[in-house]
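Participant: Sequences listed follow chains P and A, in order. Position 296 of the first sequence, counting from 1, maps to 279 under the numbering used here, and the rest follow consecutively. Position 187 of the second sequence, counting from 1, maps to 170 under the numbering used here, and the rest follow consecutively.
In short, the hints are calculated from the structure, not lab data.
Since the list gives no way to pick out one identical chain from another, each pair is judged satisfied if it fits inside one copy or across any two copies.
Dumping the calculated DSS-like pairs for lysine-lysine here, alpha-carbon to alpha-carbon at most 27 Å:
(1) K109 to K54
(2) K213 to K81
(3) K131 to K29
(4) K253 to K224
(5) K194 to K213
(6) K194 to K230
(7) K260 to K224
(8) K81 to K54
(9) K191 to K224
(10) K54 to K131
(11) K109 to K81
Computed from a predicted structure; not experimentally measured.
Number of protein chains: 2
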Amino acid sequence: MPRSKGKKSSAPVTIHDVAERAGVAISSISRVLSGHPDVSERMRIKVQRAADELGYEPDFFAQSLRSGATKTIGFIMRDISNPFFGVIAQCCEQELRKAGYSMLLMNSDGDVATESTNIAQLRRRKIDGLIASLVSEDIPELNSTLEKLNAPVVLLDREVVGLNSSAILANHHQGVEDATSDLISRGHKRIAFISGSTRVYTTRDRLKGFKSAFKKAGVAYPTELVSLGKFDAEFGESETKRLFTLKDRPTALLSGGIGSTAGAMRGLKKLGLVPGKDLAFVAIDEWPMFDVYGQQFSSVYRDAAMIGREAAAALLEMISGGSPRTIMVETHYIVRESSTGGLKAKKK
Amino acid sequence: MPRSKGKKSSAPVTIHDVAERAGVAISSISRVLSGHPDVSERMRIKVQRAADELGYEPDFFAQSLRSGATKTIGFIMRDISNPFFGVIAQCCEQELRKAGYSMLLMNSDGDVATESTNIAQLRRRKIDGLIASLVSEDIPELNSTLEKLNAPVVLLDREVVGLNSSAILANHHQGVEDATSDLISRGHKRIAFISGSTRVYTTRDRLKGFKSAFKKAGVAYPTELVSLGKFDAEFGESETKRLFTLKDRPTALLSGGIGSTAGAMRGLKKLGLVPGKDLAFVAIDEWPMFDVYGQQFSSVYRDAAMIGREAAAALLEMISGGSPRTIMVETHYIVRESSTGGLKAKKK
DNA sequence: ATCGTTTCTGGAAACGTTTCTATTTTATGC
DNA sequence: GCATAAAATAGAAACGTTTCCAGAAACGAT
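Model the full assembly from the supplied sequences, consistent with the hints where possible.
Facilitator: As structure tokens, then:
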């Protein structure tokens, strides 16, 4: 029993105390404080003063238990230390806070079981809504798990069939196609592509853009240079090493997502290959500071802050009765120094 | 009384339903499920089965209201999108989750008023503990605000006098002194130093190391090159521009913290100055990817993951009755490419 | 058998709100 | 003034648990 008694004032003042002080019924206190219309001015003043004098603060749990609303939103991501997700989380929290909601943060650690445990935990806590970037889209029981939450859901960059939720999707294929086309037009044919599992929209949509660029250019699609598996840096690094030690090695690389990019850069460094010189390199999603580091990285950019804000807005909308909707966020190919190189003094 | 009217799937199953199903009293259900010792084996099995069959999940709010424990920890930071804080948050959440706690995340946006509102919100939610990186240490009412929380507190890199809390402090002065000494030994005398307000431990301890290096080397301390104000990138950028356009401009720069470093790098870029060449540059705290970017930045390093884990551990310890303690985390000067340069072909 | 002790169980009182219902007061129209 | 409606208030019943208390059953020991 952690009962730290500071001075002696640790008397938790309840609605009873206020009622007694003001000399009115408990129900009147509640009515005044929750802004019920049928309250006389005299009562309002009397209650307000008693509450102020006692420094009354309604007990959150009692309110939630009775009313059902928890003013709490669950937020599940693979890994909040990922700076891209960090920005989303920050903007989301700011918006939700403005609307009077608090955010319960949980990392799924990229693990399906952990994610499911987290959702169960959130259900017990009767959250008013959930924003999540799921590990995978086709987990058995996923739909029923989310439906049992009995709260509106906003998914980030995920398409779950048959689920009545909102979604914030990025238009990855456009940016990736632009980037790939640019590389092809510079003379690249052997372009490597590393990203996460095709079990999520993110990868599938990027792949669509990648393939489409080859098709439009009439260049053979280099199946053997496409490596799709996981989003983490370890995978990115090992695959980069594997691909760039092939006999006929790629001349360019697209890395899909923050983790892949980190791994790719580490892998290249260990191989002694310099982006923009020994190969052309485009990162999908930007690391913070991409704009100021000594070396300039090209990227397929999307606005994390906007994604966070849109997610919060969509969720709040659903909480107040609106219907689910899908929001598409654009991506943009940003050309920088690293888009050059990789071709033996042929061009430029 | 819509009790056993289980056609609709959204029937929230309560302890009553389980009691009815098992044919025992409500109190027995509670006893079995909370592992009370005085329960017969027969009862345990009967209740367990009934609960499983109905898929019973205790209501979190009812439990908290009655028992007082919320299994919830508050986590307040200036800005969760700061990758350094992101890592702390991630590790913290993982540890807390293992212990059965959930984490309520709030950004203070670097604003005292927002921070205070957040703390009030957390008090109403009766959190079991708080981990916070406060905006400032000497806010009036801060102590009483935190004491009114009536829950153990762990502060990150802050010293609040008279508050009975744990603290995770970094030994900044050691790392900063090492870095500064190295720069001095390379021939630098005019070393600029940009960091946040001296109203927090972080800055004061860094400054201590900075001054100490000059004293030990017997070199005059360059007061006019020290700029302490805010941790954000805007401040870092404008101060960098100001200092490096002085008539007698600095030959080296230390930037204090993630934000300052971002600002400093932007400022230098706009001035056309290259770290490691036109000036020597040491960042305090590392940006992710410092190890792989084209340009190699020196740093004063501290382990964010460890800070997160230690914070969680210290808090859990206090929750279970332990006393507050202060943990000192070491910092290390890591020399890379950017420690060179800035001296006109004098050395090296 | 009787009498303590344990061990186990059921009933009911909290926890601090909101909300429903019933009652009293006030205002309104004629 | 008087009926009638409307507004304001009090009282009490939830919400779903945990926990206290008292009693019942079980068990040895006399």
